[in-house]
Structures are given as C-alpha cells and as structure tokens.
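Going line by line, the protein sequences match chains A and B.
So the first sequence is numbered by the numbering used here: it starts at 1 and just counts up by one.
So the second sequence is numbered by the numbering used here: it starts at 1 and just counts up by one.
By construction, these hints were calculated from the structure, which means they are not laboratory data.
Be a bit skeptical, because a hint or two may be false.
[Claimed, not checked] Facing chain B, from chain A, some residues (calculated, C-beta under 8 angstroms): (1) Ala29; (2) Tyr32; (3) Arg43; (4) Pro44; (5) Leu46; (6) Asp49; (7) Phe89; (8) Pro94; (9) Phe97; (10) Asn98; (11) Lys99; (12) Phe100; (13) Phe102; (14) Gly103; (15) Ser104; (16) Gly105.
Where is the CB? At the ideal position from N, CA and C, for every residue including glycine.
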Amino acid sequence: GENVEQHPSTLSVQEGDSAVIKCTYSDSASNYFPWYKQELGKRPQLIIDIRSNVGEKKDQRIAVTLNKTAKHFSLHITETQPEDSAVYFCAASPYNFNKFYFGSGTKLNVKP
Amino acid sequence: EAQVTQNPRYLITVTGKKLTVTCSQNMNHEYMSWYRQDPGLGLRQIYYSMNVEVTDKGDVPEGYKVSRKEKRNFPLILESPSPNQTSLYFCASSWGTGELFFGEGSRLTVL
Numbered sequence: 001g002e003n004v005e006q007h008p009s010t011l012s013v014q015e016g017d018s019a020v021i022k023c024t025y026s027d028s029a030s031n032y033f034p035w036y037k038q039e040l041g042k043r044p045q046l047i048i049d050i051r052s053n054v055g056e057k058k059d060q061r062i063a064v065t066l067n068k069t070a071k072h073f074s075l076h077i078t079e080t081q082p083e084d085s086a087v088y089f090c091a092a093s094p095y096n097f098n099k100f101y102f103g104s105g106t107k108l109n110v111k112p
Numbered sequence: 001e002a003q004v005t006q007n008p009r010y011l012i013t014v015t016g017k018k019l020t021v022t023c024s025q026n027m028n029h030e031y032m033s034w035y036r037q038d039p040g041l042g043l044r045q046i047y048y049s050m051n052v053e054v055t056d057k058g059d060v061p062e063g064y065k066v067s068r069k070e071k072r073n074f075p076l077i078l079e080s081p082s083p084n085q086t087s088l089y090f091c092a093s094s095w096g097t098g099e100l101f102f103g104e105g106s107r108l109t110v111l
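Work out the full structure, taking the sequences as your base and the hints as a guide.
Shown next, in the form of structure tokens:
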C-alpha cells in the first residue's frame with residue numbers, strides 16, 4: 001500500500017518568515033494530495049490541495065508544489081503569522097478518493 | 001449548518017465492553033470514513049464507505065466494525081475494546097471528489 005512520509009516533525013519560525021513542509025509518497029497510483037491544518041484540540045481542516053495534472057497551486061500565502069516524477073510534494077507558507085501555528089498533515093489518495101494516507105504531521109510554531 | 005457530528009466526544013471504558021461511536025452528517029455526502037489519530041502516526045484510516053451498504057477496510061481495520069444502513073450515519077463499533085484502541089477517533093464525510101469534512105473527534109480510553 002501507499003506510504004506517506006512527512007518532514008520535519010516540528011518546525012519553529014519567526015513571524016514573517018517562510019515555512020516549508022515536505023512529503024514523499026510511494027504509490028504512483030496516488031493523484032490527489034491534500035494538506036490539512038489541525039489547531040490544538042480541533043478537527044483537521046483542508047487548507048489546500050493539488051491534483052496530479054497540476055505542478056503548483058497557490059492560495060494567498062499558501063502554495064503547494066508537486067513533483068510526480070520524484071513522488072514528492074511540499075507546502076509553502078509565506079509571511080507566517082502566529083495564527084499559522086498548528087499541526088499540518090499531508091495526505092495522498094488514488095483517483096477514486098476512497099483511501100487516504102496521511103503523513104505523521106508537522107507541528108509548526110510561529111514565534112511572534 | 002453543514003456538519004459532521006460524533007458521539008460521544010469523550011469515553012472511558014474497560015476492556016471487553018462493547019461500544020459504539022456514532023457519526024452523522026447532514027451534507028448528503030455519499031462517502032464517509034473513520035480515522036484514528038495517535039501521536040507520531042498521523043491519521044490512519046480504519047474503514048470507509050462509498051455509499052449505503054458499501055463498506056471497505058482501510059489501513060487499520062482490526063478490532064473494528066462499521067455499518068452503513070443510511071446515507072447520513074456511519075457508526076464505528078468496537079465489539080471487544082482493548083487498551084491499544086485508546087485513541088482519538090475522527091469521522092469524516094465527502095462528496096467523493098476530494099475534500100474530507102471531519103467531525104470534532106471522539107477521545108476513547110480503554111482501561
């Protein structure tokens with residue numbers, strides 16, 4: 001089955017700096033790659049996603065890049081703010097969106 | 001308000017005592033699934049359902065059962081809970097095209 005690895009497990013940045021979280025996957029059948037943000041004590045919520053026919057997607061301060069050949073994708077957050085502090089999960093799913101494989105999570109701490 | 005509702009939110013039980021965690025969604029989603037979240041392991045899929053009466057195993061189905069008799073409900077059943085099932089459980093639903101909508105979570109402790 002699919003194996004999704006996520007790095008780093010913790011990331012601390014100063015407010016205003018950029019943050020990058022990286023994930024790799026193993027199954028070439030995966031073609032949907034969402035990112036979820038989970039604030040302390042809350043449910044995971046989708047922040048951005050990318051499909052395999054796209055190499056990059058941006059939404060304001062958040063961007064995701066995908067390299068299907070190398071089987072890795074990354075989350076980029078620019079101009080970080082304290083409210084970006086949370087745990088971020090990457091995931092991979094095949095074309096029919098039935099199974100989702102999540103990374104182990106990255107705890108992002110944005111210091112004011 | 002569109003939502004996924006889980007109950008109970010917190011439960012402490014003892015080994016072997018059958019329990020059910022309910023999940024209900026009001027978005028008319030066809031797809032529903034259950035995950036467990038453990039420190040350092042992320043979210044792992046237990047079971048999923050693409051539609052009524054259609055369920056299938058995820059990555060960690062051992063010790064769990066599910067049923068999908070109605071579109072809106074997808075209960076998770078632990079027939080004989082064991083301490084290694086102590087975890088935070090999330091139900092999620094979706095249109096089946098990508099985004100998962102998660103419930104608030106159910107924290108289960110098995111003594």
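Hint by hint, here is what the structure shows:
| no. | hint | verdict |
| --- | --- | --- |
| 1 | Ala29 | violated, 15 angstroms |
| 2 | Tyr32 | holds, 6 angstroms |
| 3 | Arg43 | holds, 4 angstroms |
| 4 | Pro44 | holds, 5 angstroms |
| 5 | Leu46 | holds, 5 angstroms |
| 6 | Asp49 | holds, 6 angstroms |
| 7 | Phe89 | holds, 6 angstroms |
| 8 | Pro94 | violated, 12 angstroms |
| 9 | Phe97 | holds, 6 angstroms |
| 10 | Asn98 | holds, 6 angstroms |
| 11 | Lys99 | holds, 6 angstroms |
| 12 | Phe100 | holds, 6 angstroms |
| 13 | Phe102 | holds, 4 angstroms |
| 14 | Gly103 | holds, 5 angstroms |
| 15 | Ser104 | holds, 4 angstroms |
| 16 | Gly105 | holds, 5 angstroms |
Hint check: violations occur at hints 1, 8; the rest are consistent with the structure.
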